[in-house]
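Student: As given, the protein sequences belong to chains A and B, one line each in that order. For the record, in the first sequence the residue sitting at position 268 is 268 according to the UniProt record's numbering, with numbers rising by one throughout. For the record, in the second sequence the residue sitting at position 340 is 340 according to the UniProt record's numbering, with numbers rising by one throughout.
Quick caveat, the hints were computed from the structure, so don't treat them as lab data.
When chains are identical, the list treats them as one kind, so a pair holds in a single copy or across two.
20 Å max Cα-Cα, derived SDA-like pairs, lysine to any residue:
(1) Lys142 <-> Phe286
(2) Lys86 <-> Glu58
(3) Lys345 <-> Gln257
(4) Lys151 <-> Arg222
(5) Lys142 <-> Gln225
There are 2 protein chains.
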Amino acid sequence: MDEITITAPADFHVHVRQGKMCELVTPHVHQGGIRTAYVMPNLVPPISSAERALEYREELRRLAPDVEWLMTLYLGPDITPEEIRKAAKVGISGVKSYPRGVTTNSSAGIEDYGVYYPVFKAMEEEGLVLNLHGEVPSDPEKNISVLNAEKLFLTHLRKLAADFPKLRVVLEHATTAEAIECVTSLPSNVACTITAHHLSLTVDAVVGQPYHFCKPIAKEPRDRQALQSAVLSGNPKFFLGSDSAPHPSGSKHPHIQENAAPTACAAGVYTSPFLVPLVAHLLEGFGALDKLEGFVSSHGRTFYGVPAEKGKRDVRLRRTGKEGGMVPGLIRGEGAEVVPFWAGKQLGWEIIS
Amino acid sequence: MDEITITAPADFHVHVRQGKMCELVTPHVHQGGIRTAYVMPNLVPPISSAERALEYREELRRLAPDVEWLMTLYLGPDITPEEIRKAAKVGISGVKSYPRGVTTNSSAGIEDYGVYYPVFKAMEEEGLVLNLHGEVPSDPEKNISVLNAEKLFLTHLRKLAADFPKLRVVLEHATTAEAIECVTSLPSNVACTITAHHLSLTVDAVVGQPYHFCKPIAKEPRDRQALQSAVLSGNPKFFLGSDSAPHPSGSKHPHIQENAAPTACAAGVYTSPFLVPLVAHLLEGFGALDKLEGFVSSHGRTFYGVPAEKGKRDVRLRRTGKEGGMVPGLIRGEGAEVVPFWAGKQLGWEIIS
Chain A
1 MDEITITAPA
11 DFHVHVRQGK
21 MCELVTPHVH
31 QGGIRTAYVM
41 PNLVPPISSA
51 ERALEYREEL
61 RRLAPDVEWL
71 MTLYLGPDIT
81 PEEIRKAAKV
91 GISGVKSYPR
101 GVTTNSSAGI
111 EDYGVYYPVF
121 KAMEEEGLVL
131 NLHGEVPSDP
141 EKNISVLNAE
151 KLFLTHLRKL
161 AADFPKLRVV
171 LEHATTAEAI
181 ECVTSLPSNV
191 ACTITAHHLS
201 LTVDAVVGQP
211 YHFCKPIAKE
221 PRDRQALQSA
231 VLSGNPKFFL
241 GSDSAPHPSG
251 SKHPHIQENA
261 APTACAAGVY
271 TSPFLVPLVA
281 HLLEGFGALD
291 KLEGFVSSHG
301 RTFYGVPAEK
311 GKRDVRLRRT
321 GKEGGMVPGL
331 IRGEGAEVVP
341 FWAGKQLGWE
351 IIS
Chain B
1 MDEITITAPA
11 DFHVHVRQGK
21 MCELVTPHVH
31 QGGIRTAYVM
41 PNLVPPISSA
51 ERALEYREEL
61 RRLAPDVEWL
71 MTLYLGPDIT
81 PEEIRKAAKV
91 GISGVKSYPR
101 GVTTNSSAGI
111 EDYGVYYPVF
121 KAMEEEGLVL
131 NLHGEVPSDP
141 EKNISVLNAE
151 KLFLTHLRKL
161 AADFPKLRVV
171 LEHATTAEAI
181 ECVTSLPSNV
191 ACTITAHHLS
201 LTVDAVVGQP
211 YHFCKPIAKE
221 PRDRQALQSA
231 VLSGNPKFFL
241 GSDSAPHPSG
251 SKHPHIQENA
261 APTACAAGVY
271 TSPFLVPLVA
281 HLLEGFGALD
291 KLEGFVSSHG
301 RTFYGVPAEK
311 GKRDVRLRRT
321 GKEGGMVPGL
331 IRGEGAEVVP
341 FWAGKQLGWE
351 IIS
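Using the sequences plus the hints, can you model the full thing?
Tutor: Structural data, given as structure tokens:
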């Protein structure tokens, strides 16, 4: 098989940022083969009203008119049941929850789900999706670290699923065998996104390489194996959400300071410009190429209720030749630059344009 | 208590490198309060003969004449029982074993302990110490990663201890609760060094901060707790080996390349210039200041048989005032520079010079 046609690939978790970076990366989404993109709301300040989400969508449409942009709100004190009903009316798709302080721009994240139960009730009634960054904050006193933060979040996921049986809930960017097992065991209103890079990395590749550092961090080989097995299973609960998260290369490097600690590196891995070829390459690597269409298109589309007609927005891939599919070491734009995942390495598939 | 006097502090695991870096960092050992230093042999090429170890010692003596330098050989094919006997005669103290590829300059490391049994036998007879970097190489097929590499090494430690009951063995830079438990359970010929930075860091501080990246990596809060408890216990099996390992700041940052992946960051944390004040500061933080002399001096000296007379090479510490004990963000030398641990932060103790 040297060519593959996929019906309108979709990325159900992407960061396209603001300003110059937004201008650089937004067109990359289409370039990477994505036709429907579910946009994260962690801007500065966060997107906390339907109105702002629509404004942001206009900007994204202008930058990449051929992508269907699905918008979200950032769960926080501004999100009320009234705002949810307003959002539903104007076509906002979901609400993203960040535990406070866990990742990029999450300082406005939530501390307690209980206070948001009226919001979740409204979401359940209006058909909005709840997207969960599934990590509890680290706490040395309780032995909570980046290693077990996701596993310990699963209690919250189980409780939300039980308390809101008709609310669609997505555990975002799962990284552990325990998360895969938990989502598999829950009813069909609970789904799970998996990133491309977590199908490839383990913790060994993260320590010592800031460009592989993201939250949640990649875990043990057995965890990567569990993510791959979830894709291989063809279970429609599991689908692509790239969590493609560009950072200026400056913020991915420690900066030495005369009288202060070196700066820490930003968390995020950037995969948008090559996303569908990368996923094809990785799936082929573990014998799951026949699951590509389900993973990058139909599973997520069915869950979100955004079907695509075959033939209208298809993406065709072909095998790369000897020189093709090389990922550059750096992507430069006007006033922004970003180092992509897989930099300097070859992909086995490329998009036929 | 505003002053502490310690009898001749010793660091039983330190890297002082070669060339310009050696010239910069070797005097830091004394400056940090250390009077006896046990020197790692992972130069390029590794120190694989008694003769080279003595040459290296001459260089270190020239750079820091007031430190007693204890020398080691790098376990590899050049180390024969004959070389061990020669080394013993000229006062070499021990042999360091690196599993292949696990850390800085370990590409000549060993793959199988069995072939070195005649060497270990000679070491046992001659009274040389065996220093173990206690990690097995990562292997995704077996779910071995930087997270469980030390735990899985303990089988080898137990076997060596059983097979050579009179060989003194040191598990270097322990990072896990399991390692502490294992060493505690083994006979008195087995001891364990603990670094300053592993008494402070957890894995959360390592991901995203290359200056906190070293091998073995810092683990979970419960592991840090176990290291602190080992110090608190006053058990003489546990003593300071800083694993202070300077790297040029360039090698601690990822470098973007046009057509290749960004470079990975070197593994190592640098603590020498402030070592004894840093250890005092950290021990005080978990209520172990009364264990300072045992941890930084007498325990290791007893194990290695290098006693120190009280009053001869004492180091006196005092509490820092409001402005004192600030660790700089960068230490510059001629042709070399290094970012220290604790950069930009204050230490509660300083050396009275």
